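Chemist: What follows is the residue order along each chain.
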Amino acid sequence: MRPALLPLLLLLALASLTLGLAVGSVPVPLGEVWPALWDGDAPHRAVILELRLPRLLAAFAVGGLLALAGALLQVLLRNPLADPYVLGISGGAAVAALLAMLAGLGGWWVSGGALLGALGSMLLVFGLAHGAGGWTPTRLLLTGVVVAAAWGALISFLLAVAPEHNLRGMLFWLMGDLSHGGEWPAPLLLLGLALLLLFPFARELNLLARGEIAAGSLGVHVGRLRLIIYFTASLLTAAAVTTAGSVGFVGLVVPHMLRLVAGSDHRLLLPASALLGGSLLMLADTLARSVIAPQQLPVGVLTALLGAPVFLFLLRREATR
Amino acid sequence: MELLRAVSLDVAVAGRSLLRGLNLSVSAGQCWALLGANGAGKTTLLHTLAGLRPPQGGSLWLQGAPLARLPRRQVAQRLGLLAQDSSDSFPATVLETALIGRHPHLGRWDSESEEDVERARQALAQVELTGLESRPCHTLSGGERRRLALATLLTQAPRLMLLDEPTNHLDLSHQIGALQHLRRLADGGEHAVLMALHDVNLAARYCDHVLLLFGDGTWQAGTAKELLNAEQLSRLYGYPVAQIAGPGGERVFLPR
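If you read the protein sequences in the order shown, they are chains A and B. Per the working numbering, the first sequence starts with residue 424, numbered consecutively. Per the working numbering, the second sequence starts with residue 108, numbered consecutively.
Check each hint, because a few of them may be wrong.
Residues on chain A that point at chain B, a partial pick, calculated with CB under 10 Å [said to hold, decoys possible]:
{"#": "1", "residue": "Val498"}
{"#": "2", "residue": "Gly642"}
{"#": "3", "residue": "Val645"}
{"#": "4", "residue": "Gly686"}
{"#": "5", "residue": "Asp688"}
By construction, these hints were calculated from the structure, which means they are not laboratory data. Keep in mind that this is a model prediction, so the values were computed, not measured. We treat Cβ as the ideally placed atom computed from N, Cα and C, and that holds for glycine.
So here's chain A without its partners, still in its complex pose (with noise of 0.2 Å):
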């Protein structure tokens, strides 16, 4: 089942897609959705093109750079329940964003000093974990931890001194929102380019998983290899966070769930991870627009939901097989 598991993500990527353009306020039947991509004439292109396509594609780069930094990071944590956060990255990102929320600056303010955020906690990190000399994946995953720690505590006595009407803008950035996205060419561009540039490292990356002694009696160069996976993943996190805001689990989730059904072969792990996170972010966008229409819900509620009772099912069926 293992070489067929790309093609049926790929066929769940295209049938989430379908059906994000599908449903909302102006429901459009389902056989009409694709002819009115390329059909200049037809009712629903207005909606389908400017406002669906759009935001559905952003959803699925943002998902698609989680899961895949989710992947990364669980390998070099060695831990399987390391995912894109737990270094801090969305934490500076989220203190950056809010600040610059708190100052009554909007649009492009508010996702470039989500960058900046999420870049400076990368190198703090970095920094911290390295200085004095010895760079084990324990002491990474504690500075990371402790460092997301002080950022949580920002962000909490940001969301204390804040203005009423600014709270709920805030709440739903920190929570994962998707409904002012759009911005899909550059994430997209980038999980593309982080897929091609990480293949080739795939193998390498099955080693690592198996400890440092191991990798590196097999011909692995692992310092470089871990300073590789260290900055891919934090900038494909940075990136996903800059777009829709710090969605969860999608990066917990997606990579362990995959490992439970295909093993831990990153050469199929790493594209797999990429569409089903996508895919999976996709389906709860829609849903998140869809549930309680008109009203919106943030998508990271809806990860969790879904997630959640997937995961522990497959957990269920591993333990008693």
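With chain A fixed as given, assemble chain B onto it according to the hints.
Modeler: Only chain B this time, still in chain A's reference frame:
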């Protein structure tokens, strides 16, 4: 042919000097036992010889080339290490695990060929794991896992094999089986084996050379014939050891 040479090698861990001025030459056809008390530096030395940690001083030569300057991949084609313990944080099958031994022989864009899979299967057969190929590793027993790690090293097939307590967790017959296989490889004349062992009698039975680490920086290297005796071993372990003759006249060592 000389596979590994250490020239006045100093090894220290956390500021404590474990080994000073080690000169060692390991040639194809030889089987070395690395003996020493707990904490004497056997594992640290093996990691140093494998190029995984830099020595405090001295130099290492792998088939005539300076180890520190060889690319890791070339090192792994010539030298392999069986680590003291292997961990599996992520699920993988037995065959997949044995197959990672082919990593240094494959290019960045290659994937494993039929021939690689065949090599892995043969290695699994050599450690009597045939039939378990598709089992997830975490369902194996401790001894089976140890044999799987050995199979991965055999799949890697380097000329110099460094092994850190290869008989850990193995039952009596598999201990003999594993060491016999390594001995046969060395006898073939292409390979050399250097392994840390705790069982002096297995060392006496299968190894022709020994390296003794006394833990205070001093060491002795030479043939098993001259170095394996009650006096040396008593000093090595800080406990009196007696030598008796076995049923075939071979040396057997017992703690007093």
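Chemist: Now, for every hint given, state plainly whether the structure supports it.
Modeler: Status of each hint after checking the structure:
A least Cβ separation of about 8 Å between A/Val498 and chain B falls short of the 10 Å threshold, and the interface hint therefore holds. Because the closest C-beta pair between A/Gly642 and chain B is about 3 Å apart, less than 10 Å, the hint holds. Here the hint on A/Val645 is kept, as its CB sits about 8 Å from the closest CB of chain B, short of 10 Å. Evaluation of the A/Gly686 hint against chain B yields a held restraint, the C-beta minimum of about 6 Å falling below 10 Å.
At its closest, the beta carbon of A/Asp688 sits 7 Å from a beta carbon of chain B; the interface hint therefore holds under the 10 Å criterion.
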